[in-house]
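Participant: Whole structure, please, built from the sequences with the hints as guidance.
Single-letter residue listing:
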Amino acid sequence: MKARAFAYARPSSLAEAHAAFDGADGDASYISGGQSLVPALAMRLQAPQVLIDLSAIPEMRGIQLEGESLRIGGLTRHAETLTEPLIRAHAPLLAAAAPFVAHPAIRNRGTVGGSVALADPASEFPAMMLAMGAEMEISGASGLRRVPADDYFQDLYQTAMVPGEILVALHVPAAGPRHVWAFDEMARRRGDYAMVGGGVLAERDGAVIANPRIALFSVGPTPVRARNAEAEIAGKALDADAIAAAQRALDADIDPLDDAEIPAAMRRHLARVLLGRLLRKLETC
Amino acid sequence: MAGAVPLTLTVNGVETARMVAPRTTLADFLRTDLELTATHVGCEMGACGACLVLLDGVPVHSCLVFAVQAQGQRVETVEGLVASGALAPLQQAFHERNALQCGFCTPGMLVNAHALITKGTVPDREEIRDAISGNYCRCTGYEAIVDAIEAAARKLNGEGAE
Ligand SMILES: Cc1cc2nc3c(=O)[nH]c(=O)nc-3n(C[C@H](O)[C@H](O)[C@H](O)COP(=O)(O)OP(=O)(O)OC[C@H]3O[C@@H](n4cnc5c(N)ncnc54)[C@H](O)[C@@H]3O)c2cc1C
Ligand code: FES
Ligand code: FES
Numbered sequence: 013m014k015a016r017a018f019a020y021a022r023p024s025s026l027a028e029a030h031a032a033f034d035g036a037d038g039d040a041s042y043i044s045g046g047q048s049l050v051p052a053l054a055m056r057l058q059a060p061q062v063l064i065d066l067s068a069i070p071e072m073r074g075i076q077l078e079g080e081s082l083r084i085g086g087l088t089r090h091a092e093t094l095t096e097p098l099i100r101a102h103a104p105l106l107a108a109a110a111p112f113v114a115h116p117a118i119r120n121r122g123t124v125g126g127s128v129a130l131a132d133p134a135s136e137f138p139a140m141m142l143a144m145g146a147e148m149e150i151s152g153a154s155g156l157r158r159v160p161a162d163d164y165f166q167d168l169y170q171t172a173m174v175p176g177e178i179l180v181a182l183h184v185p186a187a188g189p190r191h192v193w194a195f196d197e198m199a200r201r202r203g204d205y206a207m208v209g210g211g212v213l214a215e216r217d218g219a220v221i222a223n224p225r226i227a228l229f230s231v232g233p234t235p236v237r238a239r240n241a242e243a244e245i246a247g248k249a250l251d252a253d254a255i256a257a258a259q260r261a262l263d264a265d266i267d268p269l270d271d272a273e274i275p276a277a278m279r280r281h282l283a284r285v286l287l288g289r290l291l292r293k294l295e296t297c
Numbered sequence: 045m046a047g048a049v050p051l052t053l054t055v056n057g058v059e060t061a062r063m064v065a066p067r068t069t070l071a072d073f074l075r076t077d078l079e080l081t082a083t084h085v086g087c088e089m090g091a092c093g094a095c096l097v098l099l100d101g102v103p104v105h106s107c108l109v110f111a112v113q114a115q116g117q118r119v120e121t122v123e124g125l126v127a128s129g130a131l132a133p134l135q136q137a138f139h140e141r142n143a144l145q146c147g148f149c150t151p152g153m154l155v156n157a158h159a160l161i162t163k164g165t166v167p168d169r170e171e172i173r174d175a176i177s178g179n180y181c182r183c184t185g186y187e188a189i190v191d192a193i194e195a196a197a198r199k200l201n202g203e204g205a206e
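Here the protein sequences line up with chains A and B, keeping their order.
Oh and the first sequence: position 206 is 218 in my numbering, straight run, nothing missing.
Oh and the second sequence: position 153 is 197 in my numbering, straight run, nothing missing.
Misleading hints may appear alongside valid ones.
Partial chain A-side listing against chain B, Cβ under 10 angstroms, derived [as the list claims (entries may be wrong)]:
#1 Met-13
#2 Ala-19
#3 Arg-22
#4 Ser-48
#5 Leu-53
#6 Leu-63
#7 His-115
#8 Gly-203
Computed, partial: chain B to chain A, Cβ under 7 angstroms [claimed, not checked]:
#9 Pro-66
#10 Val-104
#11 Ala-175
#12 Ser-177
Hints were generated in silico from the structure; no laboratory data involved.
We treat Cβ as the ideally placed atom computed from N, Cα and C, and that holds for glycine.
Facilitator: Encoded structure:
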């Protein structure tokens with residue numbers, strides 16, 4: 013299985029990247045880490061005329077604290093999210109999710125921007141963008157715009173980006189000492205895509221939970237905010253009753269489909285079990 | 045070669061310049077253009093781990109990198125790591141523990157194990173299993189491979205072989 017022949021460009025600015033895309037009349041693919049795209053090219057699920065390598069665009073690199081938010085360049089590798097002190101301190105959910113993303117060698121190459129641009133509903137990082145309330149910095153025809161995670165994930169592999177747009181960076185509200193978080197997933201084997209997974213970020217004042225954000229993945233065509241479950245724990249202490257109520261409410265939040273390997277009812281059950289684990293972890297944070 | 049572009053990179057310490065078609069993966073470039081066939085190709089989709097090389101010092105799947113993306117970078121293959129003696133403790137441990145049978149998976153295992161045991165600490169068996177979780181072996185059942193990596197790590201980091 014080999015990719016069809018293509019021309020290759022490595023632009024050194026966003027403007028040049030957009031020009032390369034337009035120059036190919038849109039018959040082009042961007043490549044970041046290539047860990048999802050190269051297999052797709054090899055299997056000829058995609059066969060663009062031009063491959064546009066984003067790796068030399070300076071705005072897509074680096075991690076900085078900008079006031080109350082952490083700017084994570086799209087080219088940040090999965091492996092860096094495990095070790096970068098700024099990410100561990102201010103986007104701890106990303107660091108907690110990273111060991112579950114694929115295998116170490118894939119994490120050395122895959123990028124956060126590539127994962128969130130692809131928006132695979134079984135992927136860890138897109139869902140964590142929802143849980144963290146991140147904003148996507150997107151470059152397009154009319155310059156830069158920002159889209160909140162809640163509006164970004166639209167359908168299966170479908171985001172607020174239109175063809176030719178580039179995900180430049182992710183802006184994550186910086187977590188501080190009042191925040192608690194938990195991540196977990198259930199997979200058949202280490203490194204496999206999860207059957208069900210999720211993350212929770214919340215503030216805590218004494219025993220009381222405030223502003224919880226719960227996001228699940230592998231439960232439908234997009235990552236999902238569990239708003240009904242959130243409402244059951246907001247402003248309450250995380251006792252057994254509150255956790256059980258959140259687990260009951262979760263049924264209305266998700267709409268998993270039946271597939272060949274996992275029936276919808278099983279995913280619903282696993283999601284309930286997972287939410288219980290996440291909330292009990294949160295309680296002991 | 046239609047549409048070939050110039051490529052310069054360092055392979056096993058040697059500056060190398062070639063014309064290459066952009067669709068050529070780094071794995072195919074190493075095996076076909078440079079005749080470095082220790083890097084194996086199994087699945088060509090990131091699943092089996094036979095094709096691991098070091099790119100700027102870290103293990104990556106050479107089937108998931110186009111050669112043109114490695115412009116100006118440093119590639120080390122099993123040939124280079126063997127020649128420099130970097131793999132000697134692992135080679136010996138794999139030999140002693142019978143950690144290979146057909147040997148198809150071995151280059152990828154060695155590259156991953158090398159990166160793991162040169163971090164300066166002795167990994168526990170769970171860490172070893174995690175590090176090689178993306179490497180398929182259809183022969184050994186993994187147990188001997190984990191043993192060999194553990195033994196080499198102990199030796200390298202000065203805790204004695206057993
Ligand atoms: C064996 C294997 C197991 C894996 N397991 C997991 C797993 O458990 N969980 C998981 O989340 N992922 C997994 N992955 C996928 C991996 O995490 C990818 O790295 C990630 O999905 C995509 O990131 P990338 O940088 O490699 O993107 P690429 O492969 O370069 O690109 C992915 C897609 O996004 C587009 N794109 C890339 N960057 C941008 C951008 N900045 N702006 C606009 N469009 C862009 C590309 O055109 C392409 O369509 C696995 C991959 C493999 C091979
Ligand atoms: S050939 Fe690269 S992972 Fe299988
Ligand atoms: S020794 Fe045969 S695949 Fe591992």
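Participant: It remains to establish, for every hint, whether it holds in the given structure.
Facilitator: Hints versus structure:
| no. | hint | result |
| --- | --- | --- |
| 1 | Met-13 | 5 angstroms, holds |
| 2 | Ala-19 | 6 angstroms, holds |
| 3 | Arg-22 | 8 angstroms, holds |
| 4 | Ser-48 | 9 angstroms, holds |
| 5 | Leu-53 | 8 angstroms, holds |
| 6 | Leu-63 | 6 angstroms, holds |
| 7 | His-115 | 3 angstroms, holds |
| 8 | Gly-203 | 5 angstroms, holds |
| 9 | Pro-66 | 4 angstroms, holds |
| 10 | Val-104 | 5 angstroms, holds |
| 11 | Ala-175 | 6 angstroms, holds |
| 12 | Ser-177 | 5 angstroms, holds |
Hint check: no violations occur; every hint is consistent with the structure.
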